[in-house]
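Assemble the complex: chain F is given as a structure, and chain A must be docked to it using the hints.
As given, the protein sequences belong to chains F and A, one line each in that order. Start counting the first sequence at 1; every next residue gets the next number (my numbering). Start counting the second sequence at 329; every next residue gets the next number (my numbering).
Take these hints with a grain of salt, some might be off.
As the list claims (entries may be wrong) - To give an idea of the chain A side of the interface with chain F (calculated C-beta under 10 Å), a few residues:
1. 337
2. 470
3. 472
4. 494
5. 510
6. 511
7. 513
8. 783
9. 786
10. 788
11. 789
12. 791
13. 794
14. 853
15. 855
16. 857
Read the hints as simulated data drawn from the structure, not as lab findings. Glycine included, C-beta positions come from ideal geometry on N, C-alpha and C.
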Amino acid sequence: MKILVITEQRQGKWNNTSFETLVAAQQIAADTGSAISALVIGKGVANFAEDVAGKNIAEVLLVEHDLLEAYTPDGYSLALAQVIASAKPDLVLFPHTYQVRDFAPKLAAMMGKGMIADCVGFHKEGDKSVFVRQMFQGKTAADVTFQGPAPWFASFQSGAFRADLLSAHPSGKAPVNKIVVELKPEQIRTKPLDLFKEAKSAVDLTQAPIIVSVGRGIKAPENIPQAEALAKAIGGEMAASRPICDEGWLPMERQIGSSGQTVAPKLYLALGISGAIQHVVGMKGARTIVAINKDQNAPIFEIADYGIVGDIFELMPALTAALEKAKT
Amino acid sequence: MTTVQREQLEADVLIVGAGPAGLACALHLANLIKKHNEAGGASGGTTLSAENIYVLEKGREVGAHQLSGAIMNPQGLAELVPDFKNSAPLDTPVTDDAALLFTKNSSLRFPLTPPPFKNKGNYVVSLNKIVKWMGGLVEAAGVNLFTQFGGASLIYEGEGIAGVITEDKGVDKNGKPKANYTPGYELRAKVTVLAEGTRGSLTKQLVEKKNLSNINPQTYGLGIKELWDVQPGRIQPGFVAHTLGWPISTDMYGGGWIYGLSNNRVSIGLVVALEYADPRFDAHAAFQQWKTHPLLKKILDGGKLVRYGAKSLPYGGWYAMPRNYLDGGLIIGDSGSFLDSQRLKGIHLAMKSGMLAAETIFDALKAGDTSANTLSAFPEKVEQSYIKKELWEVRNFHQSFQHGLIPGLFQTGLQFISGGRGLIDPMRTHAGYQAYKKLNNSPPGAPQSEPERFKGDGKLTFDRLTDVYHSGTRHEEDQPCHLIVRDLDVCATKCVVEYGNPCQYFCPAAVYEMAQDYNGRPKLKINAANCVHCKTCDIADPYQIIEWVVPEGGGGPNYEGM
Chain F
1 MKILVITEQR QGKWNNTSFE TLVAAQQIAA DTGSAISALV IGKGVANFAE
51 DVAGKNIAEV LLVEHDLLEA YTPDGYSLAL AQVIASAKPD LVLFPHTYQV
101 RDFAPKLAAM MGKGMIADCV GFHKEGDKSV FVRQMFQGKT AADVTFQGPA
151 PWFASFQSGA FRADLLSAHP SGKAPVNKIV VELKPEQIRT KPLDLFKEAK
201 SAVDLTQAPI IVSVGRGIKA PENIPQAEAL AKAIGGEMAA SRPICDEGWL
251 PMERQIGSSG QTVAPKLYLA LGISGAIQHV VGMKGARTIV AINKDQNAPI
301 FEIADYGIVG DIFELMPALT AALEKAKT
Chain A
329 MTTVQREQLE ADVLIVGAGP AGLACALHLA NLIKKHNEAG GASGGTTLSA
379 ENIYVLEKGR EVGAHQLSGA IMNPQGLAEL VPDFKNSAPL DTPVTDDAAL
429 LFTKNSSLRF PLTPPPFKNK GNYVVSLNKI VKWMGGLVEA AGVNLFTQFG
479 GASLIYEGEG IAGVITEDKG VDKNGKPKAN YTPGYELRAK VTVLAEGTRG
529 SLTKQLVEKK NLSNINPQTY GLGIKELWDV QPGRIQPGFV AHTLGWPIST
579 DMYGGGWIYG LSNNRVSIGL VVALEYADPR FDAHAAFQQW KTHPLLKKIL
629 DGGKLVRYGA KSLPYGGWYA MPRNYLDGGL IIGDSGSFLD SQRLKGIHLA
679 MKSGMLAAET IFDALKAGDT SANTLSAFPE KVEQSYIKKE LWEVRNFHQS
729 FQHGLIPGLF QTGLQFISGG RGLIDPMRTH AGYQAYKKLN NSPPGAPQSE
779 PERFKGDGKL TFDRLTDVYH SGTRHEEDQP CHLIVRDLDV CATKCVVEYG
829 NPCQYFCPAA VYEMAQDYNG RPKLKINAAN CVHCKTCDIA DPYQIIEWVV
879 PEGGGGPNYE GM
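Isolated chain F, as found in the complex (with noise of 0.2 Å):
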C-alpha cells in the first residue's frame, strides 16, 4: 500500500499537528507494510521539504507553484488532484486542521471519493484498514472503513498521535521528488489578503479595578451611551446584567452574574440594577458596592456599600459632569 501524507506550514511554520500525522502514517505502514510519501506544498518551501526528508519515510514530494504562495481551496485542492493522479497512492492522510477542513472534503468530492474525517486511531481487520472516530463528545468510539476503490482520504486529529514518536530516517535521508503542477490564474475564484490575527475583542472584566455596570433600569439602548460616558469618566469598564445582553444591548462577554463573569473590583456601581441573586454571585465580591436604583426595596440595596435611591437618568449625568469637573 502507499501512504501520502498532507504536510501543513504557513509562514515559514510547521503546523505541528503534521508530525503527528506522519506518526500515524508511521505506524499505519508498520502495520501494513506500506511505503510513505509526505507531501510539502506552497512555494518557496523547499527547506521544509528537506527538514522533512530526515523522518522514516520513502520519499518527500514537492508542490512549488506562484499561484500557491497564499492558501486557496481552489489551488490547494486543483494541485492535489494532481499530485494523487501522478503518485497514486492508496492512502491521503491529512492532518485535521481548520485550513484541511476547509479544503479536503472539497478535494475528495471533487474526485468522487469519501473522507473520514478527525480519526484518533486504526487498526487492521483482515485486510480492511479500519479508522476509529469519537462520537458523542467522545464518550464513544466508532471504528470506520472505506468501501470502493482507492485512493482513500482521512484526516487524524490533533493530539491523537504523539509527534514526539516520528522516527527518523534510518540511513540519512529520503530523497526529494519535485512534482509539477499546472495552475491558471482564472482557476482560483477567491483572493487571499493579508493574515491578520483577530483582535481579541473579549474584555477581561475580571482585571478592571473599576466597573460601571448597567441593568433593566437604562431602559433602552439608546441610553447606554449615558452609562458611557460615566464609565470613561471614572476610568471604568463596562458591563451589565443577563437582560441587557440577552437584548444586545452590550455584548455577552460584558455580562456580570452566574451565567456571565465573575468579578471583583475595587469600585462596582450598579446603574438600574434590581439585584437579582443570579447577578449578585456575579459581582458580590467587589470591594465596595454603589448602587442607584428607583426602588428602595431592589435587593441590590442589601449588598451596597453605598445607596441611592434615585433616577439614574438624572445621576449619570450629573455623576459624569461632577467627576468631569474633579479632574479640571
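Using the frame of chain F, we list chain A on its own:
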C-alpha cells in the same frame, strides 16, 4: 444550512430519556439479553447485545432533570433489582402518613388517613438519587448511555418511526453555526422507545401526527418543590403529610406535600391541576403563600432553602393513555400516561411500563420483527399487569374534580364503592387550557390592572428568580430560543386583552415576561435560559402556540438531591 450531513449510527433499541421508565427498560432488556446469551440463545441466529441499546438524556448528567416528591412505591424497583433494599439510595421508609385540611391559620388532621394517602411500605426518596443510581447499573450492564443529548426530531418511516435525530450543537441565537458547530446525529434503531417524561416533545409530535390520542386529552398538574435543611427535631424522617385546602380555592384542584427525609431534610411542594379559570393564577406564588401556614412556618423556621424545582405531571390516567405502540416505536412512563392520578404516584408504574416494554422488545428482536404487529404485545402485557388494575380503579378520578372539590369528593366516593365506575364511565374531559375564563374587563387597549408579583421575604418565601437560581438551571446563552412561539402578535394583541398573558403567571421559572417595544406596545420577552423544563407553557398556553423543543444538550436544571 440547507442540507446537513449527519453522522449515522444504528442501534437495536434507542431509548429517549433516562428517567425511571427509560432506565428500567434499558436495564431489564440488558438483563434479558444477558440471560439469553448465557443460555446459549445466540445460536438461534440473532445475536443480541446490550451495547446495541442506546439511551439519550438531555440533562448534564443522569438524574439532573428528575424531580418528584417523592414517595416511591417499591413494587417496580423490587422486580427490576430484587436486592434493591441493600443497594438503592432509598433514604427512609414512610413511618407516619397524615392527611391535613388547611385553613389559613389552622390545620385539621383527618382522623383516618384516606386510603389514597396511605403509604405504609413506601419510601421517601430523592428521585434524582434513585435515577442516578439506576444509571450506574445501566452503564455497568453495557448499555450506551449518552448524557447531554436530546431527541430533537423523529425519523418517520412508513407507518412508524425508525429513530431520532439529536439536537444540533453549537448554533448561535440566530441559527448560524458557531465554531463548535456539530450537527445532530441520525440515530436509527429497530425500536425507538419514547420515555421522555411528562409532555415529551417527540411524543407530542408523534401522538399528533399519527392520531394516537385516547378518548380523553392528556391533562396535567404542575408540581412546585423546594428542598430544605431544617433545624433538628422539626420533622421525623419518614413522616409524610398531604394537605388539602388553603391556599387552593375549592374550585381548583391541588394540594401540598411535606415529606421528612433523613438528616433534617424536608421535601415540600404544591401540586395544582393545570385547569383553572383564573388566567392570572400564579402557582409559584400560591406555593410561597402555602409556606406561610403556621404548620409549615414551624418546620421551616431557621432552616435553609437547598434546592428548587418544578415539573408538570400527567393526570389523565387510563382514558388519556395514547396508543403506545406503532411500527418501530413504543411510548412508556409519563409520556405514556403511566401515572396514578389519585395517589399521584408514577415512579413504580413508569418502571413497570419500561420493564414490560423491554420484554416486548426482547421478543421482537428475537423474532426479527419490530413492526406494530409484534410490538402490540406491549399494551397486552400492560393490560394483564398491575398497572391496569391500579389505573383502572382510578380511571374516572381526576375527571371528577373538573367542577371543583366538593362534587369531586362526592363522585370519588361513588367510584370507590363501584370499583372506579362511579356515575359516569368513561368520564370525559377537556384539555386544561380550555378552563380559562377570559378577562371581561375594559375595552381593548385600556390599561389592565395587573396583580402585583410576589416578592418574598428572602427567608421563608422567595420570588421566582431567587427560586430559579436554586434550581441550578443553566443553558448556553448563545443558542436559538427553545421556546418557540408561533405567533408573537397573538401575545401582543389578542392574549393581552383576552387573558392578560397567563404565561407570565403560570411559568414557575420567570421565563415569560411582557415587556414593551420601542413604541410602547406590549412585547413578549422570553428568558429561555431560566427554563426548568417543566413543560407548563407548552401545556397551559390558552392559544396552544408555544412549542417547547429541546435546547442544546446539557442545558436545564440541576436537580441534585431532588
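### Task
Taking the numbered hints from earlier one at a time, note which ones the structure violates and give those numbers from smallest to largest.
When the structure is compared with the hints, numbers 2, 6, 10, 11 turn out to be violated.
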